[in-house]
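Chemist: Using the sequences plus the hints, can you model the full thing?
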Amino acid sequence: MILIERKISLPAYKIVYALCFVVILSLIRSISYSYKIGVVMEAPMALLAIVFCGDTYTQEITSKRFEIHRLYSLKRRLCSIGIRMVLQEIVLFILSGIGYGMFYYFQTPYPLYETNQGTESELQMFLLFLVAMIVTLWFWGILSNVLSCLFRNMWIGMGGSIALWLVTNSNLGETLFGNYNLFSYAFRNITDNQDFRWMYGKVLCLFFCILLISLMPKIIKKRG
Amino acid sequence: MSIKINNLTVTFKNKVTAINHAYLEIPNGVFGLMGENGAGKTTLMRVLTTVLTATTGTVSMDGILYCEENYPKIQRQIGYLPQEIDLYPELTVQECLEYMGILSGVSKKECKKRIQYYLEKTSLIEHQKKKMKQLSGGMKRRVGLIQALLNEPKVLIVDEATTGLDPEERIRIRNLLVDVSKNRAVLFSTHVVEDLVATCNQLAIMKKGEFLYTGTMSELIKQVKGYVWLCKVKDENSAREIEKRYHISSKQFVNDGLQIKVISTIRPEIKCQPCEASLEDAYIYLCNVKGK
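Top line first, the protein sequences correspond to chains A and B.
So that you can map any letter, position 200 of the first sequence is 954 in my numbering, and since no number is skipped, the others follow by simple counting.
So that you can map any letter, position 247 of the second sequence is 273 in my numbering, and since no number is skipped, the others follow by simple counting.
For the record, the hints were derived by calculation from the structure and aren't laboratory data.
Warning: the hint list may mix true and false statements.
Selected chain A positions facing chain B (in silico; Cβ < 7 angstroms) [as the list claims (entries may be wrong)]: (1) 761; (2) 762; (3) 765; (4) 818; (5) 821; (6) 822; (7) 824; (8) 825; (9) 826; (10) 830.
Built from N, CA and C at the ideal position, the CB exists for glycine as well.
Modeler: Here's what the structure looks like:
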């Protein structure tokens, strides 16, 4: 079942464009210091998650398979969507890790602690990046999927998510929401490793994740 | 197993009424559903498969009323092959059927057994390793039919399964429907009259959301008996003149002019003779002549 879901939700073209996106990002986005890697990667990876997960279920609608899916039990349908989401998120997470490495490879950035500005070690920064990415990828992936299901249209789902992405990934978003911004990791204070207030934003993301997941059964039942 | 439709009306949000106060009973066996485009056939099938809900009226399956709390019970008894469906192009036939079978609630072991049985029955066994996107249109429909049968439904609903297929594939699908209609109701919607003649025990004809006829094929043909006339005219212009006054069900060039079949309740004012009626003639009569 998992193997089949993988074939459905992760066709070759999706992997290829996602990989190309990460490679191109690591080539064109110039950075000087290693702490910048996570900062410049978070928002683009969120954008990739929006596009990547938008068709998780809506592919059933565009192919008219939803008429058959409606005959299946809600539990099995949700289970199928859940497996697809997990598989896609795993791929996105791996790509984030690969992307981080590529930035090192292509841009050879200076470690921040060598300049005596930062207090986080390279490993610490990488681990924090991974933690932040798990939450970021889940939130934006689920948001895109839920909105797509709600409007029965992948483009509206992606568009709505991108609108929120634009607001939160801006100075306006940073000023408005501060540490509660959905991209709080990218806007965090890098020079103080004791300042974990950026985690508020990620906890908020987690909260929205749970909320969106809990809405999913109702949306699939009514709109699926 | 039977489906009863009682005073069913389906009105969409844009105020279009797709089905208007319809009554119908679908018994076991192949039940044909015929009608022009937009007659309401697909809407009816969507109501029966619980995709759409009735605006007014009731639908019941073996006494179980179509309503939110009964949907899971009803959905388990239905197999459905929609009109246009793109089954997972990247999966092989075997994978696609296994996946859909498991989703429909069949155990993996039982699912594999049933897939093998139906693949053999539909002559697809040698194609089971092929990807769905590599199959011809007819093969895809056969796979679609198998997925609809995997949960051993009591009601099979097939929407225009033979449209666009070559004669051989059409015959194969038709025969399959008859084979699986034992002990279950098969609702078969089509535009192709020959398909209904070859498969159905009973049929219903829809027009603008209403049933113009429900009953057996022979009774329908009986209705048009004496109203079908074979005429011979010398050229296309004369045929066009007749076409303005009467409904014509067929036109054919013969040695000395054009032979046309006219449907009319009174003898046409041209040289003609009564002839045998076909289901197509009956359909034209019912939809265009009767009641005018």
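Chemist: Now, for every hint given, state plainly whether the structure supports it.
Modeler: Hint by hint, here is what the structure shows:
1. 761: holds, 5 angstroms
2. 762: Residue 762 of chain A check passes; min Cβ-Cβ to chain B is 6 angstroms, inside 7 angstroms.
3. 765: Nearest chain B Cβ about 6 angstroms off; hint holds.
4. 818: Holds: closest Cβ of chain B sits about 5 angstroms from residue 818 of chain A, inside 7 angstroms.
5. 821: holds, 5 angstroms
6. 822: Cβ of residue 822 of chain A sits 6 angstroms from chain B, so the hint holds.
7. 824: Holds. Min distance 6 angstroms.
8. 825: holds, 5 angstroms
9. 826: holds, 5 angstroms
10. 830: For residue 830 of chain A, the interface hint holds, since the closest Cβ of chain B sits about 5 angstroms away, which is under 7 angstroms.
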